[in-house]
Amino acid sequence: MRKRLIAVVTALLLLPVLAPAPAGAAGTVWHVVRPAETLAYIAALRGVTMQQLAAWNGIPADTPVQVDAVLRLNAPAVALPAFRTRIETVTAASVNWQPLKRCPVLPVNLRRVWVSYIDFNGAYHDGSVIVRKDVAARAQQVFGTLYRWRFRIMGMAPMKVNNPTESNMATVTAGYNCRAVGGTNVWSEHATGTAIDINPFQNPMIRGRSISPAGSQFYLERSRYLIGMLHPEGAARAFTWNDFHWGGRWTSLKDYMHFSLTNK
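For the sequence shown, the residue numbers in mature numbering (1 follows the signal peptide of the UniProt record, and there is no 0) are -25 to -1, 1 to 239.
For the record, the hints were derived by calculation from the structure and aren't laboratory data.
Don't take each hint at face value.
[Said to hold, decoys possible] No farther apart than 30 Å at their CA atoms in a straight line, the calculated lysine-lysine pairs in the BS3-like style are these:
| id | residue 1 | residue 2 |
| --- | --- | --- |
| 1 | LYS108 | LYS76 |
| 2 | LYS239 | LYS108 |
| 3 | LYS239 | LYS229 |
| 4 | LYS135 | LYS108 |
| 5 | LYS239 | LYS76 |
| 6 | LYS108 | LYS229 |
| 7 | LYS229 | LYS76 |
| 8 | LYS76 | LYS135 |
From a predicted model like this one, the values you see are computed outputs, not experimental measurements.
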């Protein structure tokens, strides 16, 4: 019971500061889009107009809203800019590459992909993921789709810039990491630069009784639609439409954060 209470408290602490409220309430408020909802339905539900919702979120009023999108319910102080992205080469030091570990991909074959993202409080950031160079353009397509859908991401590198007060790395959306699959000597797809984890805390991995990240049990109830959660009819499609496989569809375990090109 005590562990369950701790998990719920931890999950609530990782939600944005303000909870959804009527559109007339003070502060930043939002609505997470659920299946079958339309812009007209959400506007009527929240007591605003379709034109207001579209303007506040910088989206076309005649374009369907997407499941897992997060819509503002009031005018932003600053409008979101258009999506922007670029690709950079990396150095061995910048990816913590260590020759003695014999990582399967050399730094020369990795790229840092910079993308626009919206954090859980609705603020704009430039963040990055590192992937193998032949995956970089695909990653740009994925994050461009997520941004245009107004899906929110808790944090991306560089965390010292984007979220300097956050020390829990379980909140970070990331790609390359030279490591083995937990409990094995087999390279993870992250070590090959062909996998990306999205909002790990809100989309945990469960294998038997083991849950990662620790304290994320609250998000195992996948019928919830909360900020940052991925669903098959929602934000997961940004990846699957670009030929990534989703760990949320596995049967031996569930890894809701994990997308890879090899289905591993």
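So, going through the hints one by one against the coordinates:
Pair hint LYS108 plus LYS76 holds up; C-alpha atoms about 21 Å apart against a cutoff of 30 Å. Between LYS239 and LYS108, the direct Cα distance comes to roughly 19 Å. Compliance with the 30 Å bound is thereby established for this hinted pair. Of the supplied pair hints, the one linking LYS239 and LYS229 holds, its CA atoms being roughly 12 Å apart against a limit of 30 Å. Of the pairs offered as hints, the one joining LYS135 and LYS108 holds, with about 25 Å between alpha carbons and a cut-off of 30 Å not exceeded.
Proposed proximity of LYS239 and LYS76 is supported: the alpha carbons are some 21 Å apart, at most 30 Å. Between LYS108 and LYS229 the alpha-carbon distance is near 28 Å, which keeps this suggested pair within the 30 Å criterion. A distance of roughly 28 Å separates the Cα atoms of LYS229 and LYS76; the hinted pair therefore holds under the 30 Å criterion. Restraint check for LYS76 and LYS135: satisfied, since their Cα atoms lie roughly 27 Å apart, inside the 30 Å limit.
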